[in-house]
Amino acid sequence: MKKTPIVVYSVAGRTGVNVEPGTLKRLAGIANIVGVKEASGNISQMANVLHEVPESFNVLSGDDSITIALMGLGGRGIISVVSNEIPAEMTQLARACANGDYPAARAIQRKFLPLMNVNFVESNPIPVKAAMAMMGLLKPYWRLPLVPPSASSEATIRRTLVDCGLVSE
Amino acid sequence: MFVGCGTALVTPFQKNGKLDEPTLRKLVRRQIQAGIDFLVPCGTTGESPTLERAEHLRVVELTLEEAKGKVPVLAGAGGYNTAGVIALAKELVALGADGLLSVTP
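Chains as they are written, first to last, in my numbering: chain A, 1 to 169; chain B, 1 to 105.
With the rest of the complex left out, here is chain B:
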């Protein structure tokens, strides 16, 4: 499922620091139109260390809304806190993530 080229998606922000949701949707659509093999939201390239939990889930949710049924989504779920990572992983799976990318602590 996760072979070929997967993009470690950047997370777009607005000037006020909030998530730029319309732009994120556009970036995901652009990726799919370009023929990308899979998408990786909320890795370090997606600035996951500075995303709040709710934002992390929202970025993955938006990515899934645009990508579901088109390309697999490998959501970032790593960190230093194992219990926290497990809780996050469960929430990401509940959202419909096709897989999880988990960095070593």
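So here's chain A without its partners, still in its complex pose:
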């Protein structure tokens, strides 16, 4: 039986543990470890990871706003939060990068960077679910310890959605 592919998730900001490029090099030698979601936010570390691992190893961004930078260095995609709201557009951004069409990717980024950022105005996934509720995609319920966004965050989220053309005034 073929072993299930595994993607390593490295998010030092949340776990307190960084997965070093050298560690990923060793992990990449294991047949069913096929990639990493690199959410360190550290572009220079990502460059080092890409330098250490074989071409076939998929380095994926864990931060929507730096997908273009990571894919420019050789990353292969993004595990996205903003694609909950704009799946077609974020898929196009990743596809444009994969095709080397960075001007097209940047045009999408220019339009939606405020949305990528507003998704982290409070702890994820508070803002993204609030936004999706405003878009009529789900009901705005979270489980404790997550709570609904503050009134001011909610106003910011709504304003961003209006500016991005995702809800009307």
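Treat the hints with care, as some may be off.
To be verified - Simulated pairs of lysine to any residue, SDA-like, Cα-Cα distance not exceeding 25 Å:
1. A:Lys3 x B:Leu62
2. B:Lys70 x A:Ala88
3. B:Lys26 x A:Asn124
4. B:Lys26 x B:Arg58
In case anyone wonders, no lab produced these hints; they're calculated from the structure.
With the hints as your guide, set chain B onto chain A.
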């Protein structure tokens, strides 16, 4: 298999706190219609820390029901308890998950 844009799916709840299964199915269908490359249920964006084991499996199962044969599903399987993560991973693979996303402890 896991290249391009994969969505770290949110988990919709009802007012009473239970899973909102019809909405989850709708969200997955919307993703597929939009052309998403792969789906990632039960990551931290999917509020995995507050999902019971049975709910975690159910979210992945529903995602697979809608996505199977259309887009690959990379199911979240991380945590502090290595033995627990291994047991969860085995159950997710048995459900048909195409891959596992595992965060460092």
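Next on the checklist: Just to be careful, I want the Cα atoms of B:Lys70 and A:Ala88 compared with a cutoff of 25 Å; is the pair within it?
Outcome noted: This hinted pair holds, its Cα atoms lying about 16 Å apart.
Next on the checklist: Hint check: B:Lys26 vs A:Asn124, CA-CA at most 25 Å. Holds or violated?
Outcome noted: Given that 25 Å is the threshold and the Cα spacing comes to 21 Å, the pair holds.
Checklist entry - Given the proposed pairing of A:Lys3 with B:Leu62, does the C-alpha separation stay at or below 25 Å? => result holds, 23 Å
Checklist entry - Are the Cα positions of B:Lys26 and B:Arg58 separated by 25 Å at most? => result Answer holds: B:Lys26 to B:Arg58 is near 15 Å, not above 25 Å.
Comparing the model with each numbered hint stated earlier shows that all of them hold.
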